[in-house]
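Given chain A, put chain B in place with the hints provided.
2 protein chains.
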Amino acid sequence: MPETSDDESTSSEMMKCVSCKEEYDAEDAGTCRECYEEASETEEELKREIEELKSKVNFLRFWPPIDSRPHRSTSPCFTDVLLVAVDVDSGHPLANSAPVPANKAVLASRSPVFRAMLETEMEESLSGTIKLSDVSYDALRAFVNYLYTAEACLDDDMACNLIILADKYEVKHLKTYCEKFLISKLVLESSLISYLFAHQHNANNLLDAALSLILDNMDKISKREEYIELVDKDPRLVVEIYEAYLSKQVNTAVSSSHDDKVFLD
Amino acid sequence: MPETSDDESTSSEMMKCVSCKEEYDAEDAGTCRECYEEASETEEELKREIEELKSKVNFLRFWPPIDSRPHRSTSPCFTDVLLVAVDVDSGHPLANSAPVPANKAVLASRSPVFRAMLETEMEESLSGTIKLSDVSYDALRAFVNYLYTAEACLDDDMACNLIILADKYEVKHLKTYCEKFLISKLVLESSLISYLFAHQHNANNLLDAALSLILDNMDKISKREEYIELVDKDPRLVVEIYEAYLSKQVNTAVSSSHDDKVFLD
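Chains A and B are the protein sequences, given in the same order.
In terms of full-length UniProt numbering, the first sequence opens at residue 1 and continues consecutively.
In terms of full-length UniProt numbering, the second sequence opens at residue 1 and continues consecutively.
Pulled out of the complex, with its shape left as it was, chain A reads as follows (with noise of 0.2 angstroms):
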């Protein structure tokens, strides 16, 4: 073939990406094609390992008792136990609400502490009846939802409410869950109160985050309201933000000295 002859001595100073088919030179190189080939098929590979775990957690999730598709709601679930959201003092369930039928089985096996009540002779495990207080009977809900899918339908109050559920029960899976969704709209606004709230409930990542967003708004955030409004409420806490301040302060010190030393050398 002598017509591409020239053809090929242009390609061999400019090259075919065979992506996105633009032409390039040495200095946008990536990668040979060998190793775009290796690349493609590991890509292949991670969608085929993704669609395997995806069927898997298919197969794995529960219909939730309290699923309310028309064809289920007739179908018994072999439930043995209901959980009720009641009030804090009075102990009687909240208004509006309903027993949300669940398993034991189910329970045990998703939360340490759900164990723990009903495989002692503890009331619950007598009655067949959990009383959760300091919850929604939407929480409520929601929660057990999650135990049985694994999935939950989010909105700020709503993770909020499923982290201090979480933390009461134990069900780190979902903690994480919901302290994802948080920190994906986390804002310098809200910092604080989410940095409190990550506190009270031990909710370790979201806490990183929020405290990482604060410490890079010192200034912004010393004069915000709800900032005079913690150090009256919680003194202690705001000596933790200050304590991280100074601490990040020094190791950026440290490290642009050993950045300047290392320039010197």
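Note that these hints are calculated values from the structure, not bench results.
Everything numeric in this text was worked out from a predicted model, so none of it was measured.
Just so you know, not all the hints are guaranteed correct.
Unchecked claim - Distance windows between CB atoms, simulated:
| # | chain 1 | residue 1 | chain 2 | residue 2 | range |
| --- | --- | --- | --- | --- | --- |
| 1 | A | 188 | B | 58 | 31 to 39 angstroms |
| 2 | B | 25 | A | 21 | 15 to 23 angstroms |
| 3 | A | 247 | B | 21 | 36 to 44 angstroms |
| 4 | A | 127 | B | 98 | 19 to 27 angstroms |
Backbone N, C-alpha and C fix where the C-beta goes; we use that ideal spot for every residue, glycine too.
Below, chain B alone, put in the same frame as chain A:
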């Protein structure tokens, strides 16, 4: 940096792969840097997704009631049904077997056949005991284990036994899992037996894989002892193989005559 200009003019002809660090020319060009970086990000995202799915699987997985790990052997698991491997003729439990405890909710959520048994007023639902014939005690335990964990320790025998159970109790996920294992071990010598087995138990993935191997080796297959036995035992199945063979040949002929035409055009 005037010193590097020489290097640049060289590297405009030979690129350096950012992955394997080897030089390459236009002929072996893969991607530009931008596409490489994009692909790397995609890979990272896929890996993160895999980690999340794995943690979801861990959360949703149950420890089966027959779990034999020492620290759990005494924990009750709120089981409410027993599975018993029985002799197909006498209906009595197999020797050296024991009832396998399980949860109705788990069985019903994994198998529509169990669901139907347990939800209606059938013998199984009333007695709380499900009898399974044609199954060894080991296979029964592995079966129940899979319903709780989506995992099984397979060899050829166990994979076949579990496919039989998966077919009978309509546990698709388990069938696919075992088929994958058997397909990975498929060889010409056993392809006819696998084909027959897959046909009997509606294992369509295994059926397709075995058939494809058979069709590629029809001359060798038709001389094998299993072939002669199969003609004797189930000639209709052999006809199906020949029909597939014929159809493959016709398709090949059509597409090659099509290629010829394109070539002539």
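Checked hints:
Judged by the Cβ atoms, the range 31 to 39 angstroms given for residue 188(A) and residue 58(B) holds: they are separated by roughly 35 angstroms. The supplied range of 15 to 23 angstroms is met by residue 25(B) and residue 21(A), whose beta-carbon atoms lie about 18 angstroms from each other. Checked against the hint of 36 to 44 angstroms, the pair residue 247(A) and residue 21(B) passes, with Cβ atoms roughly 39 angstroms apart. A hinted range of 19 to 27 angstroms is violated for the C-beta pair residue 127(A) and residue 98(B), which are about 32 angstroms apart.
Hint compliance for this structure: hint 4 alone is broken.
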